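Colleague: Now for the letters of each chain:
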Amino acid sequence: MIREAKATRDYDRKRHRYDGWLHGVSLCAVMLGVFFLLVLFLIIVKVSLPGLTQSYFVLSVDFSEEWIERGDIASGRYRKVLKSGFSELLEGRGSEVRVRDFGKVLSSRSSHILREMVVSDPALVGRRVEVRLPLSDIWDQVNKGLLSWESLKVHRGVGESLQLLFLELKDDGLVEEHWNVGVLFRGDSRFPEVAGLYGAIVGSFYAMLVCFLVSFPLAIATVLYTEELVPRGRFRDIIDVNINNLASVPSVVFGLLGLAFFIGSLGFPRSSPFVGGLVLGLMSLPTMVIAAREAVRRVPVSLREAALSVGATRQQSVFHHVLPSAMPGILTGTIIALARALGEAAPLLLIGMNAFVSSDPGGVMDPATALPTQILIWSDSPERGFVARAGIAIVVLIGFLLLMNGLSIYVRSRWSSYDRYG
Amino acid sequence: MEGLSRIKVECRGVSAFYGETQALNEVNLSIYDHEVMALIGPSGCGKSTFLRSLNRMNDLVSGCRIEGEISLDGEDIYGRGMDVTRLRTRVGMVFQKPNPFSKSVFENVAYGPRIHGMASNRSELEGIVETSLRRASLWEEVKDRMKQPGSSLSGGQQQRLCIARAIALNPEVILMDEPCSALDPIATARIEELIAELRGSYSLVVVTHSIQQAARISDRVAFFHLGKLVEDGLTGDIYNDPKDDRTLGYITGRFG
Ligand SMILES: Nc1ncnc2c1ncn2[C@@H]1O[C@H](COP(=O)(O)OP(=O)(O)OP(=O)(O)O)[C@@H](O)[C@H]1O
Ligand SMILES: [Mg+2]
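Which chain is which? The protein sequence lines are A and B, in order.
Position one of the first sequence corresponds to residue 1 (the working numbering), numbered consecutively onward.
Position one of the second sequence corresponds to residue 1 (the working numbering), numbered consecutively onward.
FYI, nobody ran anything at the bench for these hints, they're computed from the structure.
If you're wondering where the values come from, they're calculated on a predicted model, not measured in any experiment.
There's no promise every hint is true.
[What the hints assert, rightly or not] FRET-style restraints, in silico, Cβ to Cβ:
1. Asn-28/B x Asn-245/A: 49 to 57 Å
2. Arg-80/B x Tyr-225/A: 25 to 33 Å
3. Val-230/A x Arg-80/B: 23 to 31 Å
4. Glu-228/A x Glu-124/B: 29 to 37 Å
5. Arg-65/B x Val-249/A: 36 to 44 Å
6. Arg-414/A x Gly-155/B: 22 to 30 Å
7. Ala-29/A x Arg-65/B: 50 to 58 Å
For each residue, glycine too, the CB sits at the ideal point set by N, CA and C.
Start from the sequences and build out the full structure, keeping to the hints where you can.
Modeller: Put into structure tokens, the structure is as follows:
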């Protein structure tokens with residue numbers, strides 16, 4: 001009797017020990033996940049932090065009528081405007097630095113920036129103004145302390161006098177650091193200091209739009225066909241299995257399809273968000289179909305019976321009752337599939353959405369990049385400024401993804417409460 | 001009253017099959033105008049199958065096959081000329097578990113009349129909804145909650161809402177499959193009162209598991225056993241003097 005009691009106690013203790021182990025192991029798994037998430041977060045912060053600001057130089061220039069004709073502002077000689085600004089600055093300080101050398105401190109796009117300024121505000125002609133021009137990538141790095149004077153001297157042949165001048169100008173408050181807002185509103189460029197994400201954001205938006213317009217109706221139609229129109233049986237099982245298999249096809253394959261069929265056979269423009277959206281739409285279709293199918297299957301039979309019992313036709317039962325009830329599930333699945341498509345780069349590489357495009361896309365047929373391909377382009381570039389901007393692009397992309405996930409949660413909660421109360 | 005009534009639904013030699021298994025075997029049964037017919041019998045004897053064959057709800061079930069003849073006012077409901085959606089407006093149905101649409105109280109009742117174009121404008125529709133809710137004795141409880149979802153009502157209210165939904169189509173026959181089995185005794189009593197009120201206007205066919213309930217609400221009773229109709233007749237006759245031993249056994253609670 002007593003021995004039996006002891007055996008039971010031992011057995012129980014053993015069982016509880018297993019409980020403890022299970023607890024420990026699963027806790028470790030969670031901690032490991034959290035750890036890597038933290039590392040990821042830190043890396044993103046570290047990479048993108050330098051790109052958050054941009055250094056500018058405050059230069060006084062004279063938009064003299066000598067170089068800019070009022071009638072033809074666009075073809076003014078802005079290089080001259082810039083150069084004379086440099087000369088004045090250097091002479092005023094009695095510096096022996098040559099204008100050409102000092103010019104390298106500022107972005108090579110400076111004269112274009114001056115032109116854009118005057119074109120958008122012609123009243124500037126004939127006036128002397130202080131303008132803020134971005135520092136070139138190298139000097140931006142130097143200003144932020146990311147590049148040493150030593151390497152500047154060794155690798156770029158920057159002389160002592162220029163270094164001293166720069167420090168002097170900085171002391172005088174002529175070098176400023178501002179939030180890099182422009183990165184969100186400018187197109188891509190060969191020069192990191194003026195390169196922006198705008199084209200990629202617009203390209204991604206167009207691609208998502210096309211993707212949604214293609215995949216959502218197709219997914220709904222497919223689900224209606226398999227769930228409501230085709231009787232249960234072999235044919236339906238074959239369709240189901242095929243869709244499940246399609247969902248596991250690697251995304252690159254869809255890119256190949258886009259290249260061969262949409263661009264090759266149908267002749268749609270390369271690098272266009274239209275083709276990108278089609279490819280991403282086909283890629284998302286199986287995922288959406290599966291989500292929508294599950295949602296439709298979860299609608300209880302009793303609801304269909306209720307509809308039919310008041311004399312609704314099959315279509316009325318589907319469109320008035322089944323689909324609205326399944327909509328939260330369908331939309332959640334759709335948003336998640338779209339979020340996946342938004343972050344997808346591989347198929348876009350094949351259809352050329354990783355080309356260098358400096359003009360903003362005006363429509364779905366114009367060449368463009370997308371956020372993930374822009375990240376690839378920039379992180380591949382040797383300039384440090386581009387790598388930092390790739391970090392910014394990653395943050396923007398993650399921001400959009402979080403937004404979409406939040407939207408799916410919102411839709412789910414809102415619609416299910418609609419189902420309960422509305 | 002029996003003699004004056006005419007036959008509303010007539011079933012002759014009705015058999016039902018789910019694939020290979022036979023659920024109903026040669027059922028002959030008539031349902032008269034303005035009567036409450038209770039279907040009783042042990043679980044799995046085919047009551048629901050029979051009930052659902054009366055408004056062709058079995059069409060939904062793949063593999064289900066009905067043989068024999070069922071006519072409504074002399075018209076074969078499985079015949080080619082019968083539009084199944086029209087049939088279901090004439091033969092309404094209330095289910096075991098309340099299954100309101102996931103729409104407002106108003107929409108729940110208004111949906112049927114709307115899809116059949118029974119109201120030409122909003123106020124007419126509102127009239128139909130109010131009348132139906134009154135007849136289902138639910139109006140007083142929900143008249144201020146028309147915009148709330150049907151599922152926010154209590155179980156008993158939901159069941160009456162489903163009855164109102166059926167009534168709104170102005171049917172001739174109402175089928176009820178164990179309408180009280182998901183309800184508490186008080187809600188059950190309300191539904192039973194309601195059935196008593198409705199009997200004057202419609203033919204009601206009610207499946208029930210409660211022999212007492214059948215006795216309370218019905219004019220006539222049909223007893224099913226293993227897919228066969230064993231006996232049917234006036235409720236009093238069946239309860240006092242069953243012809244068949246199986247009926248006697250079921251009524252006295254010896255099996256079932
Ligand atoms: N969808 C179906 N598929 C296959 N067999 C079915 C189906 N529905 C019912 N059956 C079978 O038909 C027979 C009659 O079922 P039915 O539901 O009509 O019984 P019932 O009298 O309503 O029972 P209960 O009182 O438990 O509701 C049962 O043997 C059941 O197993
Ligand atoms: Mg039943």
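Colleague: Failing hints, ascending?
Modeller: none
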